[in-house]
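Enquirer: What follows is each chain in one-letter form.
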Amino acid sequence: MRVTAKVNGVTRLADDVWPGESLLFVLRERMGLPGSKNACEQGECGSCTVYLDGVPVCACLVAAGQADGGEIMTVEGLAAADGELHPLQQAFIEAGAVQCGFCTPGLLVAAHDLLARQPDPADADIREALAGNLCRCTGYEQILAAVRTAADLMRPETGR
Amino acid sequence: MMEFLRARTWQEALAAKAERRDALPIAGGTDVMVELNFDRRRPAALLDLSPVPELRGWHQADGWLAVGAGVTYAELTGERGQAERRELGRRLRGLAIAARTVGSPQIRNRGTIGGNLGSASPAGDCHPSLLAARAEVEVASVRGSRRIGIDDFFTGVKRSALAPDELIAAVWIRPPSGPEQFAKIGTRNAMVIAVAAFALALDPERGLVGTGIGSAAPTPVRALAAESFLAGAIGDAGLWESRRPLPEPVMSEFAALVSAAARPIDDVRGTAGYRRHALGVLARRTLGWAWRDYCEEAR
Ligand SMILES: Cc1cc2nc3c(=O)[nH]c(=O)nc-3n(C[C@H](O)[C@H](O)[C@H](O)COP(=O)(O)OP(=O)(O)OC[C@H]3O[C@@H](n4cnc5c(N)ncnc54)[C@H](O)[C@@H]3O)c2cc1C
Ligand code: FES
Ligand code: FES
Chain R
1 MRVTAKVNGV TRLADDVWPG ESLLFVLRER MGLPGSKNAC EQGECGSCTV YLDGVPVCAC
61 LVAAGQADGG EIMTVEGLAA ADGELHPLQQ AFIEAGAVQC GFCTPGLLVA AHDLLARQPD
121 PADADIREAL AGNLCRCTGY EQILAAVRTA ADLMRPETGR
Chain E
161 MMEFLRARTW QEALAAKAER RDALPIAGGT DVMVELNFDR RRPAALLDLS PVPELRGWHQ
221 ADGWLAVGAG VTYAELTGER GQAERRELGR RLRGLAIAAR TVGSPQIRNR GTIGGNLGSA
281 SPAGDCHPSL LAARAEVEVA SVRGSRRIGI DDFFTGVKRS ALAPDELIAA VWIRPPSGPE
341 QFAKIGTRNA MVIAVAAFAL ALDPERGLVG TGIGSAAPTP VRALAAESFL AGAIGDAGLW
401 ESRRPLPEPV MSEFAALVSA AARPIDDVRG TAGYRRHALG VLARRTLGWA WRDYCEEAR
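Residue numbers (this note's numbering), protein chains in the order written: chain R, 1 to 160; chain E, 161 to 459.
Warning: the hint list may mix true and false statements.
Stated by the list, open to error - Simulated coverage check for chain E against chain R, where a stretch passes if three residues somewhere in it have a Cβ under 8 Å from a Cβ of chain R:
hint, region
1, 163-177
2, 181-190
3, 205-218
4, 267-274
5, 426-434
Think of the hints as simulated: they come from the structure by calculation, not from any bench.
Model, not experiment: these values are computed from the prediction.
Virtual Cβ for every residue (Gly too), placed ideally from N, Cα, C.
Between the sequences and the hints, there should be enough to build the whole structure, so can you do that?
Expert: This is how it looks when you write it as structure tokens:
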């Protein structure tokens with residue numbers, strides 16, 4: 001089947017899609033967007049988190065056909081068109097929140113959604129929002145610090 | 161080759177299911193996709209219900225709330241959705257507490273109440289609260305629709321009373337007039353399949369108590385003897401009116417009766433003995449919380 005979706009603002013299509021394959025597979029293997037990672041394929045790790053129609057979901061649990069006609073944003077859509085990193089990405093680098101980096105794309109999308117809903121989250125809110133994202137390198141303290149820093153950077157009064 | 165059928169309306173969905181009984185419905189996909197990704201299932205076709213608008217909302221009729229099968233956990237908790245959907249969690253407190261314990265934000269954003277019922281897992285977290293509230297499941301086919309009492313819906317491990325051409329339309333709940341509670345025990349807080357779960361609903365207006373047990377029998381079950389014992393004890397002592405503390409022997413007997421209603425198994429997540437014990441603890445704890453809420457309501 002053919003799947004058409006708006007991905008990071010651009011209409012993309014994939015042909016010969018097997019209906020049972022996941023949105024994650026379509027993004028990585030058919031659309032050349034390997035940012036979203038495949039680690040568990042069962043919704044446990046969150047490294048495949050993308051926005052589907054404005055809501056963060058595990059791309060490994062969305063059937064390709066369910067994304068047809070949908071709007072998707074992946075980690076590749078966070079930075080500006082000229083390559084300037086999003087404040088969240090900048091904060092992850094500065095805080096040392098990236099070790100092997102496998103969990104980072106999913107964490108960035110989940111954290112992006114949190115800050116869009118709650119510009120000034122408490123630590124408990126951050127932990128809760130990231131509860132579905134596992135980091136096997138276990139750098140959670142730095143990840144929390146990065147989200148706090150990004151929140152500061154993004155607030156209008158202090159933001160860059 | 162697997163076919164992908166996409167229903168845009170409820171009529172289309174019912175027609176597709178009538179024609180293709182071998183099509184596996186998919187809503188949030190959080191159970192179905194795990195099975196497909198791991199080659200545990202190869203249905204001849206998938207029937208995508210996620211675009212069907214009729215499944216996404218809720219409405220009121222004759223004191224009942226009809227919650228569409230496509231309503232997500234995040235909508236039940238109020239994490240997502242418009243103001244009207246947030247209202248749902250305020251009315252269905254037991255279900256909202258249970259929804260809050262499900263998976264992770266990503267899973268709650270996709271997973272639906274209809275999918276939980278469709279999977280009919282003994283560990284499904286909606287089931288205890290639906291049992292406690294004596295909910296009814298509305299199922300439909302091109303032949304018409306019917307409402308199945310929640311006690312009759314679960315027929316075995318991951319089996320339900322749904323006929324091959326039927327789909328789940330909605331869950332009907334008459335919100336209990338008093339406090340509702342839910343608690344589950346797992347090996348950690350996030351992302352676990354419950355080892356035991358328990359829901360309680362107090363309905364002072366009708367003098368009723370409702371219970372639901374999860375993960376401790378082949379199907380989710382009510383603890384019928386515990387329900388009638390507690391309703392009797394509260395009624396006989398005039399405690400609905402006086403809102404005085406529940407006597408200790410009443411709490412203990414209730415916990416013992418809930419424990420006895422379970423038919424647990426030993427598995428990797430816990431032994432039968434542990435599950436029985438855990439259920440007694442959960443029953444006592446949720447009753448303590450619910451009765452405290454009931455007493456505080458009056459102040
Ligand atoms: C990481 C992870 C964590 C989880 N944690 C929990 C948890 O804590 N508690 C819990 O209870 N569950 C949990 N689950 C299981 C799952 O999320 C729930 O069972 C969820 O409610 C399924 O809903 P869905 O819409 O995703 O269902 P789907 O996967 O789309 O469908 C599930 C089943 O229901 C059928 N179905 C769906 N809609 C209908 C309909 N309208 N009519 C007829 N049949 C239908 C499908 O054919 C399928 O058999 C978890 C899953 C994952 C991956
Ligand atoms: S790969 Fe999707 S949640 Fe792990
Ligand atoms: S940085 Fe390695 S998994 Fe998180």
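Enquirer: Would you mind marking each hint as holding or not holding in the structure?
Expert: Against the structure, the hints come out as follows:
no., hint, verdict
1, 163-177, "holds (count 3)"
2, 181-190, "holds (count 4)"
3, 205-218, "holds (count 3)"
4, 267-274, "holds (count 3)"
5, 426-434, "violated (count 0)"
Violated hint for the displayed structure: number 5, the only one.
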